[in-house]
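Place chain V on chain L using the hints.
Number of protein chains: 2
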Amino acid sequence: MNINELKVGLIGGTGEEGRGLALRWAMAGARVAIGSRTIERARTTADELNQLVPHNPVSYGENSRVIAESEFVLLTVPFAHAAATLESHKQDFRAGAILIDITVPVSFEQGRVRYVELAEGSASEHLRTRLRDEIPLVAAFKTEPAHLLADASAKLDCDVLVASDDKEAKARVMEAVKFIEGLRPVDAGTLYSARTLERMTVLAIGINRRYKIKTACYRVMGL
Amino acid sequence: MNINELKVGLIGGTGEEGRGLALRWAMAGARVAIGSRTIERARTTADELNQLVPHNPVSYGENSRVIAESEFVLLTVPFAHAAATLESHKQDFRAGAILIDITVPVSFEQGRVRYVELAEGSASEHLRTRLRDEIPLVAAFKTEPAHLLADASAKLDCDVLVASDDKEAKARVMEAVKFIEGLRPVDAGTLYSARTLERMTVLAIGINRRYKIKTACYRVMGL
Numbered sequence: 001m002n003i004n005e006l007k008v009g010l011i012g013g014t015g016e017e018g019r020g021l022a023l024r025w026a027m028a029g030a031r032v033a034i035g036s037r038t039i040e041r042a043r044t045t046a047d048e049l050n051q052l053v054p055h056n057p058v059s060y061g062e063n064s065r066v067i068a069e070s071e072f073v074l075l076t077v078p079f080a081h082a083a084a085t086l087e088s089h090k091q092d093f094r095a096g097a098i099l100i101d102i103t104v105p106v107s108f109e110q111g112r113v114r115y116v117e118l119a120e121g122s123a124s125e126h127l128r129t130r131l132r133d134e135i136p137l138v139a140a141f142k143t144e145p146a147h148l149l150a151d152a153s154a155k156l157d158c159d160v161l162v163a164s165d166d167k168e169a170k171a172r173v174m175e176a177v178k179f180i181e182g183l184r185p186v187d188a189g190t191l192y193s194a195r196t197l198e199r200m201t202v203l204a205i206g207i208n209r210r211y212k213i214k215t216a217c218y219r220v221m222g223l
Numbered sequence: 001m002n003i004n005e006l007k008v009g010l011i012g013g014t015g016e017e018g019r020g021l022a023l024r025w026a027m028a029g030a031r032v033a034i035g036s037r038t039i040e041r042a043r044t045t046a047d048e049l050n051q052l053v054p055h056n057p058v059s060y061g062e063n064s065r066v067i068a069e070s071e072f073v074l075l076t077v078p079f080a081h082a083a084a085t086l087e088s089h090k091q092d093f094r095a096g097a098i099l100i101d102i103t104v105p106v107s108f109e110q111g112r113v114r115y116v117e118l119a120e121g122s123a124s125e126h127l128r129t130r131l132r133d134e135i136p137l138v139a140a141f142k143t144e145p146a147h148l149l150a151d152a153s154a155k156l157d158c159d160v161l162v163a164s165d166d167k168e169a170k171a172r173v174m175e176a177v178k179f180i181e182g183l184r185p186v187d188a189g190t191l192y193s194a195r196t197l198e199r200m201t202v203l204a205i206g207i208n209r210r211y212k213i214k215t216a217c218y219r220v221m222g223l
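Chain order of the listed sequences is L and V.
Under our numbering, the first residue of the first sequence carries the number 1, and numbering increases by one thereafter.
Under our numbering, the first residue of the second sequence carries the number 1, and numbering increases by one thereafter.
Keep in mind the hints are simulated off the structure, nothing from the lab.
There may be inaccurate statements among the hints.
A pair holds if it fits inside one copy or across any two, identical chains being indistinguishable in the list.
[Stated by the list, open to error] Below, in silico cross-link-like pairs of lysine-lysine (DSS-like), each with a Cα-Cα straight-line distance of 25 Å or less:
1. Lys-178 x Lys-214
2. Lys-90 x Lys-178
3. Lys-214 x Lys-167
4. Lys-167 x Lys-212
Computed from a prediction, not measured in an experiment: that's the story for all the values here.
One chain only, chain L, in its complex shape (with noise of 0.2 Å):
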């Protein structure tokens, strides 16, 4: 995989999280679009990113068209927007294009940080039946804080657990992820797994609490 070649596009790629991730795949090479409804919000975020990786300019569009002309489409809308944003973009596809999810339900109420139980077990699952047949779904990024992304000046330190049905797929995000300084790909298995990973993110966020920071992610030891 030649990594200058890859296209990595950003659904609500204005957000934190997708601004960090678009910074660190600028970094680590690739071609990188930020997609957002509004073409002028796009563009004040890559402009942005253009002034931190001034060497591999990002680009901006629509969400539609973004998802288009990717091959990499992460989708790094709040939770509660990703399966109507899905829905409405479901034609979009180009073939051969891998969905990555990376969102996670998580509520706040009374204070507390808890995990949204949905019916089909995770938010990638429920993601999944959103989404053609033929379009691989990938869980990744789940775990990495959006604070320590979007920070050009932070070194990464954590593993991306990434799941999948699609195991070809998943090889692929995997090969993609090894590009990312600091970031270790860790095969986790199946979707199923995402439900796993979707509560580690709920856990970090109660450590980023407890511990006052904004920083903690996963490593896994003994690999």
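Here is chain V on its own, set in the frame of chain L:
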């Protein structure tokens, strides 16, 4: 806390996880007792451990006696026997004792490792209801691999995620974990987090299988 005054009892201490934890606590300098339903089995395990850690002899006894004499009671029976074991020993816990629950409900149907969903949300929450109210339950060591703990020559490099609704008991367990070389306690919040910790064990078992290792454990980075 003086570790050499801490009495640690292992219920079902003849299994691999129990033996491994007994070994690590003995190496740390705690006063360790192996409990079993039959005193002969407890003695066999204690004898084995005393070969490995001759400077800090491990004692043994029937479960009832070991529970009555321990401040930290580690429940290391398989999950399938955990509730019944606790219920039959409900009255044996002394005042001030803490139950450390390491159980994980897991099934291996059709070659697939799966988390067994419980009505209460986790094994720890399930077992909490089987214990007298005044005995705190602390979830810990859920994600530490038995194989790694039981191998005296293996250096540990894992975080012990510790969860409890009783803050004081949690703090005591975290303090004591620090005495075990290579393990770092991390405050994982309330017992609700056991839902995540137990699933992380299932994920680690899957990672072990895919990577053909037996040593996968976790570290929280950025702390």
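Evaluated hints:
no., hint, verdict
1, Lys-178 x Lys-214, "both (23 Å within a copy, 24 Å between copies)"
2, Lys-90 x Lys-178, "neither (29 Å within a copy, 51 Å between copies)"
3, Lys-214 x Lys-167, "between (32 Å within a copy, 22 Å between copies)"
4, Lys-167 x Lys-212, "between (38 Å within a copy, 17 Å between copies)"
In this structure, the one hint that does not hold is number 2.
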